[in-house]
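Engineer: Given the coordinates of chain L, assemble chain B onto it according to the supplied hints.
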Amino acid sequence: MQSKKFVRILSMVLAVTAVCTLYSGCKTSSTAQQVIKYNLGAEPATADPALNNAVDGAIVIVNTFEGLTRINEKEIAVKAVATDWKISADGLTYTFTLRNDAKWSDGQPLKAGDFEYAWKRALNPDTAAEYAYQLYYLKNGEAYNSKKASADDVGVKALNDTTLEVKLEYPTPYFLNLCAFPTYMPVRKDVVEKDKAWFTKPETFICDGAFKLKEWKPKDTIVLEKNPNYYDSKSVKLDRLEMKMLEDATSYLQAFKSGTLDYIESPPSAEVPTLLQDKTAVSVPYLGNYFYVINLTSKADKVDPAAAKVLKDVKVRKALAYAINRKDIVEKVMRGGQIPATTLVPPNIPIDEKGTDFKNKDYYKPEGDIATAKKLLADAGYPGGKGFPKITILYNTGSGHQNVAVAIQEMWKTNLGIDVQLQNQEWKVFQKTRTDKDYTVARHGWIADYVDPMTFLDMWVSNSGQNDAGYSNPEYDKLINAARREPDKAKRVQLLHQAEDVIMNDMPIIPLYYYKNIVCMKPYVKGTYKSVLGFVYFQNAYVDKTAK
Amino acid sequence: MSNYIVKRIFASFITLWIVVTATFFLMHAMPGGPFDGEKKLPDQVKANLETKFGLDKPIMQQYGLYLKNLLKGDLGPSIKYEGRTVNEIIKYSFPASAKIGSVAILFSLVVGIYMGIVAALHQGKWQDDLCMIIATLGVTVPSFVLSTFLILIFSVKLKLLPPVGFDGPLNYIMPAIALGGYSLSFIARLTRSSLLDVIRQDYIRTAVAKGLSKKTVIFKHALRNALIPIVTYMGPLIAGILTGSFVVEKIFGIPGLGREFVQNITNRDYMAIMGVTVFYSAFLVICNLVVDILYAFIDPRIKLE
Numbered sequence: 000m001q002s003k004k005f006v007r008i009l010s011m012v013l014a015v016t017a018v019c020t021l022y023s024g025c026k027t028s029s030t031a032q033q034v035i036k037y038n039l040g041a042e043p044a045t046a047d048p049a050l051n052n053a054v055d056g057a058i059v060i061v062n063t064f065e066g067l068t069r070i071n072e073k074e075i076a077v078k079a080v081a082t083d084w085k086i087s088a089d090g091l092t093y094t095f096t097l098r099n100d101a102k103w104s105d106g107q108p109l110k111a112g113d114f115e116y117a118w119k120r121a122l123n124p125d126t127a128a129e130y131a132y133q134l135y136y137l138k139n140g141e142a143y144n145s146k147k148a149s150a151d152d153v154g155v156k157a158l159n160d161t162t163l164e165v166k167l168e169y170p171t172p173y174f175l176n177l178c179a180f181p182t183y184m185p186v187r188k189d190v191v192e193k194d195k196a197w198f199t200k201p202e203t204f205i206c207d208g209a210f211k212l213k214e215w216k217p218k219d220t221i222v223l224e225k226n227p228n229y230y231d232s233k234s235v236k237l238d239r240l241e242m243k244m245l246e247d248a249t250s251y252l253q254a255f256k257s258g259t260l261d262y263i264e265s266p267p268s269a270e271v272p273t274l275l276q277d278k279t280a281v282s283v284p285y286l287g288n289y290f291y292v293i294n295l296t297s298k299a300d301k302v303d304p305a306a307a308k309v310l311k312d313v314k315v316r317k318a319l320a321y322a323i324n325r326k327d328i329v330e331k332v333m334r335g336g337q338i339p340a341t342t343l344v345p346p347n348i349p350i351d352e353k354g355t356d357f358k359n360k361d362y363y364k365p366e367g368d369i370a371t372a373k374k375l376l377a378d379a380g381y382p383g384g385k386g387f388p389k390i391t392i393l394y395n396t397g398s399g400h401q402n403v404a405v406a407i408q409e410m411w412k413t414n415l416g417i418d419v420q421l422q423n424q425e426w427k428v429f430q431k432t433r434t435d436k437d438y439t440v441a442r443h444g445w446i447a448d449y450v451d452p453m454t455f456l457d458m459w460v461s462n463s464g465q466n467d468a469g470y471s472n473p474e475y476d477k478l479i480n481a482a483r484r485e486p487d488k489a490k491r492v493q494l495l496h497q498a499e500d501v502i503m504n505d506m507p508i509i510p511l512y513y514y515k516n517i518v519c520m521k522p523y524v525k526g527t528y529k530s531v532l533g534f535v536y537f538q539n540a541y542v543d544k545t546a547k
Numbered sequence: 000m001s002n003y004i005v006k007r008i009f010a011s012f013i014t015l016w017i018v019v020t021a022t023f024f025l026m027h028a029m030p031g032g033p034f035d036g037e038k039k040l041p042d043q044v045k046a047n048l049e050t051k052f053g054l055d056k057p058i059m060q061q062y063g064l065y066l067k068n069l070l071k072g073d074l075g076p077s078i079k080y081e082g083r084t085v086n087e088i089i090k091y092s093f094p095a096s097a098k099i100g101s102v103a104i105l106f107s108l109v110v111g112i113y114m115g116i117v118a119a120l121h122q123g124k125w126q127d128d129l130c131m132i133i134a135t136l137g138v139t140v141p142s143f144v145l146s147t148f149l150i151l152i153f154s155v156k157l158k159l160l161p162p163v164g165f166d167g168p169l170n171y172i173m174p175a176i177a178l179g180g181y182s183l184s185f186i187a188r189l190t191r192s193s194l195l196d197v198i199r200q201d202y203i204r205t206a207v208a209k210g211l212s213k214k215t216v217i218f219k220h221a222l223r224n225a226l227i228p229i230v231t232y233m234g235p236l237i238a239g240i241l242t243g244s245f246v247v248e249k250i251f252g253i254p255g256l257g258r259e260f261v262q263n264i265t266n267r268d269y270m271a272i273m274g275v276t277v278f279y280s281a282f283l284v285i286c287n288l289v290v291d292i293l294y295a296f297i298d299p300r301i302k303l304e
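These protein sequences, in sequence, are chains L and B.
If you're matching positions, the first sequence starts at 0 in numbering that gives the first Met the number 0 and goes up one per residue.
If you're matching positions, the second sequence starts at 0 in numbering that gives the first Met the number 0 and goes up one per residue.
Chain L extracted, bound-state conformation:
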């Protein structure tokens, strides 16, 4: 009797569930809204333009805010909030004219003063913004951030509501590109000063971009919707953008396959070759370089005196670099569409309006040059690796890094007769070991901060905080400094090429491969753009279900 009752209740519950499911299915299809479900990955630590320092936060920001410029699909800065700009002959003063129909998402007008406020706020030492250094290009920007100058000394000033005057420390040919970077987005004083967590609530998330915040469910979903007050809202086709925060690669790939998600990035590495082959995934450039760095400072002597001594010989460093078959590393070890690195500066950096690439040569062959490597090692006094001490490669824990290290260990053993030991450390411990220079050879990776060769080159000058190799060559420093001050674009590019020649001849680092992003998108998702900095732009995106 009781069990019969139970069965009856159970069947009723099932029937109700089925009806509800059907109903909800009908509802979405009948209204035919333009919706894209994108996996953002991790929960962004912030969506405050001044405080953000990560790609996930930047993706939220570039879709909800608009700067003076924005980048197009050739990575060239085009007009956005600024409709015009004048650059002084010395390249130090930019005068921007702002459009007069730009509004905040609550309908208030967007003024030049909002940019001045936002930039000074990011530089204010009390804001403690990690990316404050992205604004060090402004005159006295660094001085203000280090409490050596006042806010009034900073080179940004709103002359009136639609004119912004910017003064720079050095002529910076990529400054217009920087104006499209998240740190350079405007924010409104009354909004950001009232509540530190303003960006998590729709009522206080006041922005000036194509989309605005509808909902932020922590570690679950961020929902953006079309911003009707955006000056170009007519050309925005997407009604809603749902950003999911799924972190497990296998799970979000399943969700993508089952149709719960329309757009994912970085599927599980084991699946990438298959996904690329059946065209479910494409690999897009990601402006970054994966390399090994060699400690040239005296601190290396304390870690391993014998290894430190041999690694100070440039012939040895070159031998190590040439003995690596990078083609095998990307094709047989990484298998994620990466490209063998034959330069320090990766490709996909346009140096003129035509889009000419900065990279115009290879310093060695992708397959390596084993004969030369052997000869260089013999010249250094270690023919066939005889008498060469054991060296240690340090990397952060992670199967990808380990696989690369194992492959290189094997290549150096086979090609040069050198014994290599591998050592891994937890991420933060590793960071500390590397910046403290307590290593001999360590893994490194560098993702561009902006689209210009300088982002890869100026970190290796003698006094740079990022120079983990402790590399110091006066000629290199001179070339980089000259390039910083050179207002002529062509001459500047030439100086940067010369600088790259110098460092690639000294080989304090061994480039291995250029990064790639793996993207899986449903065929009906159109008009999105993933920049070489990793940001995804949905302003022009739409859904075309008729597409095959």
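Be careful, since some hints might not be right.
[To be verified] Taking lysine-lysine and the DSS-like style, the derived pairs with C-alpha atoms no more than 25 Å apart in a straight line are: (1) L:K431 <-> L:K298; (2) L:K358 <-> L:K73; (3) L:K147 <-> B:K98; (4) B:K156 <-> L:K195; (5) B:K51 <-> L:K146; (6) L:K146 <-> B:K45; (7) B:K6 <-> L:K146; (8) L:K529 <-> B:K56; (9) L:K195 <-> L:K73; (10) B:K38 <-> L:K431; (11) L:K119 <-> B:K156; (12) L:K490 <-> L:K233.
It is worth saying that the hints were derived from the structure and are not from the lab.
Structural biologist: This is chain B only, laid out in the frame that chain L set:
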């Protein structure tokens, strides 16, 4: 009784203080800090950040300040998540973990006890073997394998359940099974052995001799005593399961507390590491205390003195 409770509460505070102190100093002893990343921050920027979070103060002063705020119930600001406090993070992640966790506990209790009874009543027969095979699998198969397996069967092949997300009750089923699998097996084994123990006792024989039905004997007389070990296990089980699991939450995309335990350490988010540790310890201490007090009510032989 009340004397005992007061003593236990006092001991709990001592335990919590030891946990807080040990975690605080161990955490600061770990190499690497919250602001270390692939890109080294300019010294000035790092100094500004350390001032903002009070990390520039001497360690003992930071410790004193933390204890002072803790007594007020203030767990401090998260270093990683801008503008959010650790209290807020726990407030929104704990309910998610607790929802899945409650379903998991209910599932493991109901199915586990049922399996235990079936196995005990059919000792040595195929039903016993089957239940114990399932129980062994439940203990040995790691939750990430079980999770992936469940997704493969119910989402990919049968398309019955959503693979990921936290939108409604349908999303709770697979994570709850994955989360409860281990305790289910443990409960099943515990029930079986404890029930076997009890049904051999004299008072059960008396009950059977009196002519009571088998159902009454098992449910009214035997099971009540057989379940006492399960109650012991409930304290740590509830605390452990309700506070979530890193693996299960990551796989199913549940915005729960379990992930915080691991990720905060990776991020060196000092305040958040302390906050979730304190929360978990307090929760565990309370659960154990409640279980100990419950004992006295369930089993009159136990005296809380």
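Engineer: For every hint, state whether the structure bears it out.
Structural biologist: Okay, the hints, checked on the actual structure:
1. Restraint check: the Cα-Cα separation between K431 of chain L and K298 of chain L comes to about 14 Å, which is no more than 25 Å; the hinted pair holds.
2. For the suggested pair K358 of chain L and K73 of chain L, the alpha carbons sit about 16 Å apart, so the restraint of at most 25 Å is met.
3. For the hint linking K147 of chain L to K98 of chain B, the alpha-carbon distance of about 53 Å lies beyond 25 Å, and the restraint is violated.
4. The straight-line distance between the Cα atoms of K156 of chain B and K195 of chain L is roughly 46 Å, outside the 25 Å bound, and the hint therefore fails.
5. For a cut-off of 25 Å, the pair hint linking K51 of chain B to K146 of chain L stands: about 15 Å separates their Cα positions.
6. Our distance criterion of 25 Å between C-alpha atoms is met by K146 of chain L and K45 of chain B, whose separation comes to about 13 Å.
7. With a C-alpha separation of about 54 Å, the suggested pair K6 of chain B and K146 of chain L falls outside the 25 Å cut-off, and the hint is violated.
8. A hinted pair counts as satisfied when its Cα atoms are at most 25 Å apart, and K529 of chain L with K56 of chain B does not qualify at roughly 43 Å.
9. Restraint check for K195 of chain L and K73 of chain L: not satisfied, since their Cα atoms lie roughly 36 Å apart, outside the 25 Å limit.
10. For the hint linking K38 of chain B to K431 of chain L, the alpha-carbon distance of about 11 Å falls within 25 Å, and the restraint holds.
11. Using a Cα cut-off of 25 Å, the hinted pair K119 of chain L and K156 of chain B is violated, with the two alpha carbons roughly 55 Å apart.
12. Taking the CA atoms of K490 of chain L and K233 of chain L, the gap is about 42 Å. The hint is violated against a cut of 25 Å.
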